[in-house]
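Spelled out, the chains give:
There are 2 protein chains.
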Amino acid sequence: MEVTDLESLRFLLDIALILLTAKVFGIIARKLHAPEVVGEIVAGLLIGPAVLGIVDQSDFINKMAEIGVIMLMFEAGLSTDMKKLKQTGLKATVIACAGVFVPLAMGAVLFMSFYGFGPIGSDQFIKGLFVGTLMAATSVSITVAALKELGKLSGTVGTTIVSAAIIDDVIVIVVLTFVLSAKGSGASVWVTMLKAVMFFAIAIITGFIVYKGFKWLDARYEHTRRIPIAALVYCIGMSYVAERYFGIADITGAYVAGVVLCNLHDVKYVERKVDVSSYMVFAPIFFAGIGLKVSFESMNPTLMLFSISFVAVALLSKIIGCGTASKLCKFKWGDSLKVGVGMMTRGEVALITAQKGLAAGLISSDYFTAVILMILVSSIAAPILLKILYKKHPSD
Amino acid sequence: MEVTDLESLRFLLDIALILLTAKVFGIIARKLHAPEVVGEIVAGLLIGPAVLGIVDQSDFINKMAEIGVIMLMFEAGLSTDMKKLKQTGLKATVIACAGVFVPLAMGAVLFMSFYGFGPIGSDQFIKGLFVGTLMAATSVSITVAALKELGKLSGTVGTTIVSAAIIDDVIVIVVLTFVLSAKGSGASVWVTMLKAVMFFAIAIITGFIVYKGFKWLDARYEHTRRIPIAALVYCIGMSYVAERYFGIADITGAYVAGVVLCNLHDVKYVERKVDVSSYMVFAPIFFAGIGLKVSFESMNPTLMLFSISFVAVALLSKIIGCGTASKLCKFKWGDSLKVGVGMMTRGEVALITAQKGLAAGLISSDYFTAVILMILVSSIAAPILLKILYKKHPSD
Chain A
0 MEVTDLESLR
10 FLLDIALILL
20 TAKVFGIIAR
30 KLHAPEVVGE
40 IVAGLLIGPA
50 VLGIVDQSDF
60 INKMAEIGVI
70 MLMFEAGLST
80 DMKKLKQTGL
90 KATVIACAGV
100 FVPLAMGAVL
110 FMSFYGFGPI
120 GSDQFIKGLF
130 VGTLMAATSV
140 SITVAALKEL
150 GKLSGTVGTT
160 IVSAAIIDDV
170 IVIVVLTFVL
180 SAKGSGASVW
190 VTMLKAVMFF
200 AIAIITGFIV
210 YKGFKWLDAR
220 YEHTRRIPIA
230 ALVYCIGMSY
240 VAERYFGIAD
250 ITGAYVAGVV
260 LCNLHDVKYV
270 ERKVDVSSYM
280 VFAPIFFAGI
290 GLKVSFESMN
300 PTLMLFSISF
310 VAVALLSKII
320 GCGTASKLCK
330 FKWGDSLKVG
340 VGMMTRGEVA
350 LITAQKGLAA
360 GLISSDYFTA
370 VILMILVSSI
380 AAPILLKILY
390 KKHPSD
Chain B
0 MEVTDLESLR
10 FLLDIALILL
20 TAKVFGIIAR
30 KLHAPEVVGE
40 IVAGLLIGPA
50 VLGIVDQSDF
60 INKMAEIGVI
70 MLMFEAGLST
80 DMKKLKQTGL
90 KATVIACAGV
100 FVPLAMGAVL
110 FMSFYGFGPI
120 GSDQFIKGLF
130 VGTLMAATSV
140 SITVAALKEL
150 GKLSGTVGTT
160 IVSAAIIDDV
170 IVIVVLTFVL
180 SAKGSGASVW
190 VTMLKAVMFF
200 AIAIITGFIV
210 YKGFKWLDAR
220 YEHTRRIPIA
230 ALVYCIGMSY
240 VAERYFGIAD
250 ITGAYVAGVV
260 LCNLHDVKYV
270 ERKVDVSSYM
280 VFAPIFFAGI
290 GLKVSFESMN
300 PTLMLFSISF
310 VAVALLSKII
320 GCGTASKLCK
330 FKWGDSLKVG
340 VGMMTRGEVA
350 LITAQKGLAA
360 GLISSDYFTA
370 VILMILVSSI
380 AAPILLKILY
390 KKHPSD
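In order, the protein sequences belong to chains A and B. Counting along the first sequence from 1, when you hit position 129 you're at 128 in numbering that gives the first Met the number 0, and nothing is skipped either side. Counting along the second sequence from 1, when you hit position 82 you're at 81 in numbering that gives the first Met the number 0, and nothing is skipped either side.
Everything labelled a hint here was simulated from the structure, so no lab data went into it. Keep in mind that the hints are not guaranteed to be accurate.
Pairs involving identical chains hold if they fit within one copy or between any two copies, as the list cannot separate such chains.
Calculated lysine-lysine pairs in the BS3-like style (CA-CA distance at most 27 Å, straight line) [claimed, not checked]:
#1 Lys331 x Lys211
#2 Lys214 x Lys30
#3 Lys391 x Lys182
#4 Lys85 x Lys194
#5 Lys386 x Lys267
#6 Lys214 x Lys194
#7 Lys30 x Lys147
#8 Lys147 x Lys272
#9 Lys211 x Lys30
#10 Lys182 x Lys30
#11 Lys267 x Lys391
My request is simple: use the sequences and hints to build the entire structure.
Structure representation (structure tokens):
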């Protein structure tokens, strides 16, 4: 029997503090012409263990944040312009590949120039590859939020970034499996690839059926609560199934669920309802949650130096990899830079990857600090740079 | 470092299952001309340990449910008609008193007729009083949901019920402190009373300031997100402060926060945004959560007989107490019955009270089954009876 007792009401205070500071700092950020999402992350940094320490991340906050990022990616899927998605599909694949392999190589080189080079196949080499993998996993949710704020999410650049990030996620999972299996732990690379392919195959087949079902609902019960609720259930279900049974990130499942429903007649209604739930409670918790994760407790000069190099290489390698690939795909310079910057955001996937590497003995726990800094810096820098780039080089 | 790992994604499945079944059974209930909320409770009963056992209540679900009931009571506060609240204030006080003392007496008599009478002040007598206290705590959230569905929440009867329930809550806290201190545990009755009075005094004083602040916001930023978010922060903050520092139930704090803002120019906008967040995620989890709590594992014939008597006395004593008091307050027969039925719903407060009694050695854990059954039966019966009563005896 679990009864919520007085002690555990602490979660209410946490939520109130997060929502309040996130909104206030979001408004301040906007006054400074910076994206609101940056203010919300800074709010988390400020009230979290890094500065004031009045709110700690807790299991409850983490779960609420996870729902927040799932809603965000679902909304991105819902606002997809199917025609643009098809047009940009091939380009997105090329960009995703470059966005994985350039950071992978540069990360490996960074590691080995700090800790010594090793021949191909050696332990040192595999460790280097793993550090590269840590840099490869894009998590585009912050970019999605920034693009949404700019009203550019379903433009050509926006669509390219989001679909490239989805493909990136799949490639990284395969690379990660490869590296872990080279170290003798983890599943077979073929099984991982098969599972990823199966996920998309099943998502497409069931997607058609689900879409038909929603069209039927839509025709009979337009603008009733049951449609957005059913859509949210489908989104959460897909997130769960993707991660639990296919090893695909839950946010990818949520995005795919959104794409399945993006042509629905009532899609704006669904989006609006999900959006209200998201911005009233879940999204601010997700954004502030990024700042809450940061703590400088275990910081020392060497770790600091490595962390800074790690973050610099992580951000630059994505911009170089994805930017160059975009340019090769005939994007203009300005748009290529936008794609590069948009792809440089990292998120939880990097943390989960780091945890797997720790379990497999590939890295020490010191790396968590570097990974969290990478998430924080990229999450703050990307929205600001995107805003500037869209101002300097307007596009759809 | 807490990272949401694959294992803990279980919470996503739980939420998807709860939202799906709650909506489906809500629709089925409506087809059967029963209130939707009854369907949602039955959904929880079905998927919970009582029947299928595919979803267990967890700490996460409990916390989400708590936010759900807080939002519900906040909405009730927001939709308050201040004039009606003032008109019905005195009547509500009389009804609340009857609604506490009739169940208190009948509960004590029930206990002593099962387990033997004892003289005033004896251990047996105090135990009886405690069982009576268990029956005294009204939790009006289900009634609020039922009245909202009927569109009668801010009518005279609706206003009377909600304000009587708030007063009931305060009286029960004082009675509980009295019983616990008679047993030699718990705080002093005077301190408890003083804290309750202080809560309302502080709520009124700060309420004026908060209302001024919101009016200023409202004038400058009408229909912007910051207003509903600030309102939600105030609501959650009040819930926390009420329970943490004044021993008043969190839902009472939420209701009071709603009343403070009920005259705001933009109140409908705030209500709508809170309502979307509530019905999309939190409220169904709260309703289904009631069903999820039920389990028949430890059931045996004696316990069954006692539980049934307990539930019957609990429900009847509220109807008799509050119904008679309403009649004395010049309500019509039909409306008096509505008030009695509306006041008979019980909720978490009864569970929390039971837990305190267990800790003080006043009852055995067997009582939890009876208390949960009382919550379940009252939560299902009250909305159905209210719907019938409003049909037979229409009123505002």
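Hint by hint, here is what the structure shows:
1. Lys331 x Lys211: Result: close neither inside a copy nor across copies, 39 Å intra and 52 Å inter.
2. Lys214 x Lys30: Between copies only: 22 Å across, 42 Å inside.
3. Lys391 x Lys182: neither (46 Å within a copy, 74 Å between copies)
4. Lys85 x Lys194: within (23 Å within a copy, 64 Å between copies)
5. Lys386 x Lys267: Only inside one copy: Lys386 and Lys267 sit 25 Å apart there, 34 Å across copies, limit 27 Å.
6. Lys214 x Lys194: neither (29 Å within a copy, 56 Å between copies)
7. Lys30 x Lys147: This pair counts as within: shortest intra-copy Cα distance 18 Å, inter-copy 40 Å.
8. Lys147 x Lys272: both (16 Å within a copy, 20 Å between copies)
9. Lys211 x Lys30: Cα proximity of Lys211 and Lys30: across copies only (24 Å, versus 45 Å in one copy).
10. Lys182 x Lys30: neither (50 Å within a copy, 59 Å between copies)
11. Lys267 x Lys391: Result: close neither inside a copy nor across copies, 30 Å intra and 40 Å inter.
Checked against the numbered hints given earlier, this structure breaks hints 1, 3, 6, 10, 11; the rest are met.
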